[in-house]
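Engineer: Single-letter residue listing:
Number of protein chains: 2
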Amino acid sequence: MTTTRSWLEAANGDTDFPIRNLPYGVFDDGRGARCGVAIGDRILDVARVDHGVDPVLFGEPAWNAVMAAGPAVWSALRARLTELLSDEAHRAAVEPHLVAMASARMLMPFRVSEYTDFYAGKHHATNVGTMFRGPENALPPNWLSIPIGYNGRASSVVVSGTPVRRPWGQVKGPDDALPRFAPSARFDIELEMGAIVGQPSEGMVSVAEAEGMIFGYVLLNDWSARDIQAWEYQPLGPFQAKATATTISPWIVTKAALEPFRVPTPEPERPLLPYLQARVPGLYDIDLEVALAPDGAAETVIARTNYREMYYSAAQQLAHHTTSGCPMRVGDLLGSGTISGPDRENRGSLLELSWGGKEPVELAGGGQRRFIEDGDTLTLRGAAHGDGFRIGFGACSGQVLPPVALPDWAK
Amino acid sequence: MTTTRSWLEAANGDTDFPIRNLPYGVFDDGRGARCGVAIGDRILDVARVDHGVDPVLFGEPAWNAVMAAGPAVWSALRARLTELLSDEAHRAAVEPHLVAMASARMLMPFRVSEYTDFYAGKHHATNVGTMFRGPENALPPNWLSIPIGYNGRASSVVVSGTPVRRPWGQVKGPDDALPRFAPSARFDIELEMGAIVGQPSEGMVSVAEAEGMIFGYVLLNDWSARDIQAWEYQPLGPFQAKATATTISPWIVTKAALEPFRVPTPEPERPLLPYLQARVPGLYDIDLEVALAPDGAAETVIARTNYREMYYSAAQQLAHHTTSGCPMRVGDLLGSGTISGPDRENRGSLLELSWGGKEPVELAGGGQRRFIEDGDTLTLRGAAHGDGFRIGFGACSGQVLPPVALPDWAK
Numbered sequence: 024m025t026t027t028r029s030w031l032e033a034a035n036g037d038t039d040f041p042i043r044n045l046p047y048g049v050f051d052d053g054r055g056a057r058c059g060v061a062i063g064d065r066i067l068d069v070a071r072v073d074h075g076v077d078p079v080l081f082g083e084p085a086w087n088a089v090m091a092a093g094p095a096v097w098s099a100l101r102a103r104l105t106e107l108l109s110d111e112a113h114r115a116a117v118e119p120h121l122v123a124m125a126s127a128r129m130l131m132p133f134r135v136s137e138y139t140d141f142y143a144g145k146h147h148a149t150n151v152g153t154m155f156r157g158p159e160n161a162l163p164p165n166w167l168s169i170p171i172g173y174n175g176r177a178s179s180v181v182v183s184g185t186p187v188r189r190p191w192g193q194v195k196g197p198d199d200a201l202p203r204f205a206p207s208a209r210f211d212i213e214l215e216m217g218a219i220v221g222q223p224s225e226g227m228v229s230v231a232e233a234e235g236m237i238f239g240y241v242l243l244n245d246w247s248a249r250d251i252q253a254w255e256y257q258p259l260g261p262f263q264a265k266a267t268a269t270t271i272s273p274w275i276v277t278k279a280a281l282e283p284f285r286v287p288t289p290e291p292e293r294p295l296l297p298y299l300q301a302r303v304p305g306l307y308d309i310d311l312e313v314a315l316a317p318d319g320a321a322e323t324v325i326a327r328t329n330y331r332e333m334y335y336s337a338a339q340q341l342a343h344h345t346t347s348g349c350p351m352r353v354g355d356l357l358g359s360g361t362i363s364g365p366d367r368e369n370r371g372s373l374l375e376l377s378w379g380g381k382e383p384v385e386l387a388g389g390g391q392r393r394f395i396e397d398g399d400t401l402t403l404r405g406a407a408h409g410d411g412f413r414i415g416f417g418a419c420s421g422q423v424l425p426p427v428a429l430p431d432w433a434k
Numbered sequence: 024m025t026t027t028r029s030w031l032e033a034a035n036g037d038t039d040f041p042i043r044n045l046p047y048g049v050f051d052d053g054r055g056a057r058c059g060v061a062i063g064d065r066i067l068d069v070a071r072v073d074h075g076v077d078p079v080l081f082g083e084p085a086w087n088a089v090m091a092a093g094p095a096v097w098s099a100l101r102a103r104l105t106e107l108l109s110d111e112a113h114r115a116a117v118e119p120h121l122v123a124m125a126s127a128r129m130l131m132p133f134r135v136s137e138y139t140d141f142y143a144g145k146h147h148a149t150n151v152g153t154m155f156r157g158p159e160n161a162l163p164p165n166w167l168s169i170p171i172g173y174n175g176r177a178s179s180v181v182v183s184g185t186p187v188r189r190p191w192g193q194v195k196g197p198d199d200a201l202p203r204f205a206p207s208a209r210f211d212i213e214l215e216m217g218a219i220v221g222q223p224s225e226g227m228v229s230v231a232e233a234e235g236m237i238f239g240y241v242l243l244n245d246w247s248a249r250d251i252q253a254w255e256y257q258p259l260g261p262f263q264a265k266a267t268a269t270t271i272s273p274w275i276v277t278k279a280a281l282e283p284f285r286v287p288t289p290e291p292e293r294p295l296l297p298y299l300q301a302r303v304p305g306l307y308d309i310d311l312e313v314a315l316a317p318d319g320a321a322e323t324v325i326a327r328t329n330y331r332e333m334y335y336s337a338a339q340q341l342a343h344h345t346t347s348g349c350p351m352r353v354g355d356l357l358g359s360g361t362i363s364g365p366d367r368e369n370r371g372s373l374l375e376l377s378w379g380g381k382e383p384v385e386l387a388g389g390g391q392r393r394f395i396e397d398g399d400t401l402t403l404r405g406a407a408h409g410d411g412f413r414i415g416f417g418a419c420s421g422q423v424l425p426p427v428a429l430p431d432w433a434k
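Residue numbers (my numbering), protein chains in the order written: chain A, 24 to 434; chain B, 24 to 434.
Note that these hints are calculated values from the structure, not bench results. All C-beta atoms, glycine included, are put in the ideal place defined by N, C-alpha and C.
Facing chain A, from chain B, some residues (calculated, C-beta under 8 Å):
#, residue
1, G175
2, Q193
3, M351
4, V427
So these bits of chain A aren't anywhere near chain B, every CB distance computed over 10 Å:
#, residue
5, A95
6, R101
7, V122
8, P283
9, N329
10, E382
Isolated chain A, as found in the complex (with noise of 0.2 Å):
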């Protein structure tokens, strides 16, 4: 039987965290850095409760300890946490370590040992390439068959809340005869679930096996430089365009408290070969926006979208990340791609949305964006709802600040 009320009040309305979500994050209320989880307008400070795991799992403040610990030791920790959160009886033993949220910071979530960004979203593939390659050529010829991804940054992995300079770079307009350094003019942001790797693996994995692996989803804003990007990316691919940040949500939502929210990937439009079928449906009915507001001004939704949108899941990225024998590791972050849907107004990026610049975006209080200027705060939200609760994230935000003064040398 599911349980579905704590005798924490604010755990049971209109919040993003009741009893049946319990993500896991890392805060610090001025009395140090720890573990975790966020119920109704609470932080329960999990290391001080009888929580039933090994102690030293909660020895730093990341839950990389306890991803390696493995699925039995999340099913334990998750119905001990229910247990003590929902049976009055425990209410006078907890309660002294809830936190109020809106006291403390949260940090990033885990140590994120690698990251890998997909590119799996067939509408933005679509859009992306119709702009640059045009509508005949949209999809390279590989999309189909491939979820293509590539290397990220892990060092420049953030937690929602921390600024972002914008970039310098090269870069080139079509017509000029070489390249300039000059801060990114098309700065923009990508709409992404993260799914984050907590079982190790060395070897080719299955898509049941990958799906055992995943611990827990993030919403992740991976923030792309698309001038740098155009005269950077051939023949190998993005490196700086997206090195300067990506941030992440605070709170790690686990596969379990998403369980119910699960749907299938679309029928493929091509046979995929048998080590990418998936026999469980891999993706979440979970709704996503993208809030955009200039500094000191109200924000408005640019866009709304699902990640159910998406055509790989990120079972089936992490099966073909192994393909070549590749190990992968506690803590490896896999961003989903860009997940935009069939409508304008599901579109993910700035790049989609104002069609490459040429049809800027209206911001509710006048005003309008091709892509973000300076001062402007992208925030990423998302929900799976189910009767009468929702399973959220939290916000993944960030502030763009101006570029910092080109140092002497590079004049």
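Start from chain A and add chain B according to the hints.
Structural biologist: Quick look at chain B alone, frame taken from chain A:
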């Protein structure tokens, strides 16, 4: 005054490891993994001697802590080791802590934080470009402006001696309607140097600052599945084609040991942007070779080249890597890109040596190779040659094993 002789006679003759080298590795002689320094035919068990630096730096079997301690510690340690191994007065205290190299197994010398591979050899880029796009489009338009790089997979970096399994992957011939899942039939090497980042950065760094961040160099073989790469690499670059393994030589040759062998990068053929302009010579005169030995047979040296053939230096690559604000970490590994020279015998990959498989390479014992066959051992060697001595890297070697049997779920 440079110290040129050790009290250990084996260090004064025909060796990769004279006292002017003193490279850093991690070894296990059956009594546990620990940090060691190569000298002649021995390994100094460095934590056991009066090395003069904080003992905590040798608390784990990896050189990351020494790297993180910074350039002043790098200099002090090198000076002290030179003294210990040259001054006869220290012989009695030090000699008991020399282990025979022949009795030790070498392990990874450092924990790889992240791995970036570049494409900075002009001969290589021209050869590959000519084969794939024709001589008139050989170099991509950005090549003479950007040290092109992509993020590789740190988890796949292994030390010399580790066998390498031929990978499976998606391949598609030009006349095939659909891709097949098959073992790579065009498995290859890339002869490279690896630069090891020994100091972290946040934000943009100059070429001079980047130079100061580099701790040392290894030989690096970027194993590459050409057929997998050809089908997967558009539009986001190589992924599984490069993720099977990257082998490095076991000894980190320090920047200090290579100092006498500095040579400049070539005069740029197109003006470089100021941030890439180097004020000190950034390459080294290091002779390099590739040998191929069929299973149980004698080896043939199939290529000879030199690190000075590169167009961009590691410091230029590292400076470029930071332009976006990308944070760099202690233990980051930068592959130079394949080091080919102007002539056929200078080509650093079988792809180039056999010109895409069209001109097989003849082996000394009979037989020929287009690409690697199962059982072949590929070995890179390198040394900077001084007057009567050399600064060697040791071997960077790996035997290619047959692919694993295809699991049922992939059939």
